[in-house]
Amino acid sequence: MRDDTSKHRSQKQVEGVGVGTAQVHAAHAEHHELSFVRKYIFSTDHKVIGIQYGITALLFLLFGFTLMMIMRWQLAYPGEPIPLIGALLGPERAPDGVMLPEFYNQLGAMHGTIMVFLGVVPLAVGAFGNYIMPLQIGAVDMAFPKLNMMSYWVYFVGGVTMLVSFFLPGGAANSGWTSYAPLAVIATTGQTAWLLGMVFLITSSLLGSINFITTIIQLRTHGLTFMRLPFFVWAQFVTSFLLLLAFPPLEAAGIMQLMDRLAGTSFFMPSGLVVSGVPLPYTGGGSPLLWQHLFWFLAHPEVYVLILPAMGIVAEIIANNTRKPLWGYKSMVNAAIFLGFMSFIVWAHHMFMTGMGTVISAFFQTTTMIISIPSIIILTAFFLSLWGASIRFTTPMLFALAFLPMFGIGGLTGLPLGLAPPDIHLHDTYYVIGHFHYVVAPGTLMALFAGIYYWYPKVTGRKMNDLLGKIHFWGSFIFLNGVFMPMFIQGLAGVSRRLYDGGAQYAHAQEVLHWNEFISVSAWLLGLAQIPFIINFFWSIKKGKKVEENVWQATTLEWSATTSPPLAHGNFVQIPEVYRGPYEYSVPGAQRDFLPQNERA
Amino acid sequence: MNIPYTSTARPDTGLYNAKVGIWLFLASEVMLFGALFSSYVLLRVGAPSWPHGYEMMNIPLGTVNTIILIGSSVTMVMSWASLMMKQFSKYKLYMGLTILLAVLFLVNKYFEYSAEFHHGRFPRTSTYFAIYYTLTGLHGLHILGGIIVNSYLWGPGSKMWNTDPQRFTNRVEVAGLYWHFVDLVWIFLFPTLYLL
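First to last, the protein sequences are chains R and H.
Residues in the first sequence are numbered from 1 upward in steps of one, following the working numbering.
Residues in the second sequence are numbered from 602 upward in steps of one, following the working numbering.
Worth flagging that the hints you see were computed from the coordinates, not collected in a lab.
You may find that some hints are simply not true.
Taking lysine-lysine and the DSSO-like style, the derived pairs with C-alpha atoms no more than 27 Å apart in a straight line are [as the list claims (entries may be wrong)]:
#1 H:K760 x H:K691
#2 R:K146 x H:K760
#3 H:K687 x H:K760
#4 R:K470 x R:K546
#5 H:K620 x R:K146
#6 R:K470 x R:K543
Residues from chain H shown here face chain R by an in silico Cβ test under 7 Å; the list is partial [as the list claims (entries may be wrong)]:
#7 P612
#8 N618
#9 W624
#10 L627
#11 T735
#12 R768
Below, a sample of chain R positions facing chain H; criterion: calculated Cβ distance under 8 Å [said to hold, decoys possible]:
#13 I210
#14 L245
#15 P248
#16 E251
#17 M256
#18 T265
#19 G286
#20 L294
#21 F338
#22 M342
#23 I345
#24 A568
#25 G570
Note that beta-carbon positions come from the ideal geometry of N, C-alpha and C, so glycine has one too.
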């Protein structure tokens, strides 16, 4: 039986070679016909779109971080003129260089929005997912290349809408990234731009997620069963389902808030609302709580959209650099699916303080405790994978290793927030900021940097400089902790997260006020620590060390079955067939310490 | 290299790509309208008083529109079935009828809206009218989207019948799945807003 199938396969392979070369020639002919615009701007090639997503998202990350660095000046030295750029901000934002409270609110709202929706998700899903996933499953492209192109350009328009909103009268949105009603309904025009921008971003992620799921279901190559998929692909798969099903309720909520703002309806406006002594011209009868339910129905799964692709990247890098199979691959996959499912029924743990009632609180704190289990399973599997390994401390591995304790701190500090009684004390303090930034910044961002260093040779054929990479790593690692660790201290003391002066007017904040300067200086040094990365990123494109195709000696298809960079059209010279699981490292009896998925026994 | 399974089904899933795509899209649409219906329930339960739909709406006109939409779903299936039987002229007829019925639905909706405006009932009048205009407006946009897609498949897009009939049939099937969904949303909308 077995001989039969292998004979059949080898026959097919021989045919495949012939067809493959013919197709390559055809592809090259087509390749030359493409104009510059179709090749680099309105491209339908998943690799080009992935790079477009990556560069745009990195720029937005830098921009969102800059907003925060400006805010941190006001928190460290309240009321003092901002040096260097203070004069550039203009009198309506910072007269004489001193930041106005209204501008501070804009910076806060837009920092959150930009980092989450325009920075981290597009980088984690749009860039890494687009570039790497089709290569890992042996596909020639995404299932719907035109939708893929549209997804990027809709995202781009959404991003531009958000940026332009800074120049509207009254500035950008200033009601926090959560846009709670009724505050957001009566806010300045920037909020309308925010809502329109979000509609674009939601449309983009909808197109992207349909494409990702269809690609993974339909375009897996021969022999690549679901349980042979690299964990990165699984992470993208679950993430796409979250984006597909969690975003539409926010779109509905966005439409209703637009109706409230533009058509004068009262979806989120309660009866008898009086602002500054003036009754508002709304009929009332709406529910501010409804906005929160719809918003968090998206925004909690969004947390897992931020973390799952990061876990996927870390899984690839850990398996590769420990030269061992991932410990508990099946448990990790099941945990990721369970995590995705559970993430839809924990949202109201963000709302313990709204007075929605103790019964509902009890339900949501139970589900919240349950959802911590799959995260811990995945993290434990990572730690056990390190056990007894002879680890290669490459630059991507350093970042991946740092992800583990950082995400651990972020996750564990979330437990008290998931329980209603301690949350009453900690709600809306700097503790919350510290908690979710540990998940997203020292957690996800470290993993994304790991991914950039790991797959850079795949995209360019050259490695990034290791010395600059290590400087970038240690600088980022130290200063990220310098920024976020003191926030736990401030938060436990009860300092609110939304204070324009960092708490200077509050008696209970005085004891911990001195940390503000420490945090701000750490944030600015963190900014400096990114300079080696930026130099490295551009310098290595032309001057980086040229490396062989499978530079990390990896087993997955993107390394073992194609060139670096892969063929512009069609990815593979010959579509690979898969014979084994994704992480067959150090198999006893094998000649090398890795067996690529497309290598026959 | 071409992307596989654009017109033929993948053996182990039994589906071609666009069919997977449209079902995923419809799943997200369920969440979109689901969120709006949930909001309706929440707002109505929380309101001290809520008007009955049958006191506010023109039920005969709504019933006519319901029949029109169900009819258009039938003609949509017929157009796809005609392609399966290789009868292109019949396809043109049924697809044309589908588009015509959809336009008729919007014309009726236009008369309904203008009557409401005439009576001074605007979205800001009450929460009932707010959700009425939001839900029916969003549904109307979906009808409009369907008209655009179907008109393309009736007109310039139908040239594909000569070059790749299988893929063209698939396109009509996928457009049909969307159209039935839009019809189904109305089947829920009508009793919720007009009868209850």
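Results of checking the hints against the structure:
1. H:K760 x H:K691: holds (15 Å)
2. R:K146 x H:K760: At roughly 20 Å apart (the allowed maximum being 27 Å), H:K760 and R:K146 satisfy the hint.
3. H:K687 x H:K760: holds (14 Å)
4. R:K470 x R:K546: holds (19 Å)
5. H:K620 x R:K146: With a Cα-Cα distance of about 16 Å, the restraint between H:K620 and R:K146 holds, given a limit of 27 Å.
6. R:K470 x R:K543: holds (18 Å)
7. P612: Result: violated, 11 Å to nearest chain R Cβ.
8. N618: Since chain R brings a Cβ to about 5 Å from H:N618, closer than 7 Å, the hint holds.
9. W624: violated (9 Å)
10. L627: Given a least distance of 10 Å, the restraint on H:L627 is violated.
11. T735: Because about 6 Å separates H:T735 from the closest Cβ in chain R, which is inside the 7 Å limit, the hint holds.
12. R768: violated (14 Å)
13. I210: holds (5 Å)
14. L245: Since the shortest Cβ distance to chain H is 5 Å, the answer is holds.
15. P248: holds (4 Å)
16. E251: holds (6 Å)
17. M256: holds (6 Å)
18. T265: Holds - the Cβ of R:T265 comes within 8 Å of chain H, reaching about 4 Å at its closest.
19. G286: holds (6 Å)
20. L294: Interface hint status for R:L294: holds (6 Å vs cutoff 8 Å).
21. F338: violated (19 Å)
22. M342: violated (17 Å)
23. I345: Violated, about 14 Å.
24. A568: violated (11 Å)
25. G570: It holds, given that the least Cβ distance between R:G570 and chain H is near 4 Å, below 8 Å.
In terms of the numbered hints stated before, the structure departs from hints 7, 9, 10, 12, 21, 22, 23 and 24, listed from lowest to highest.
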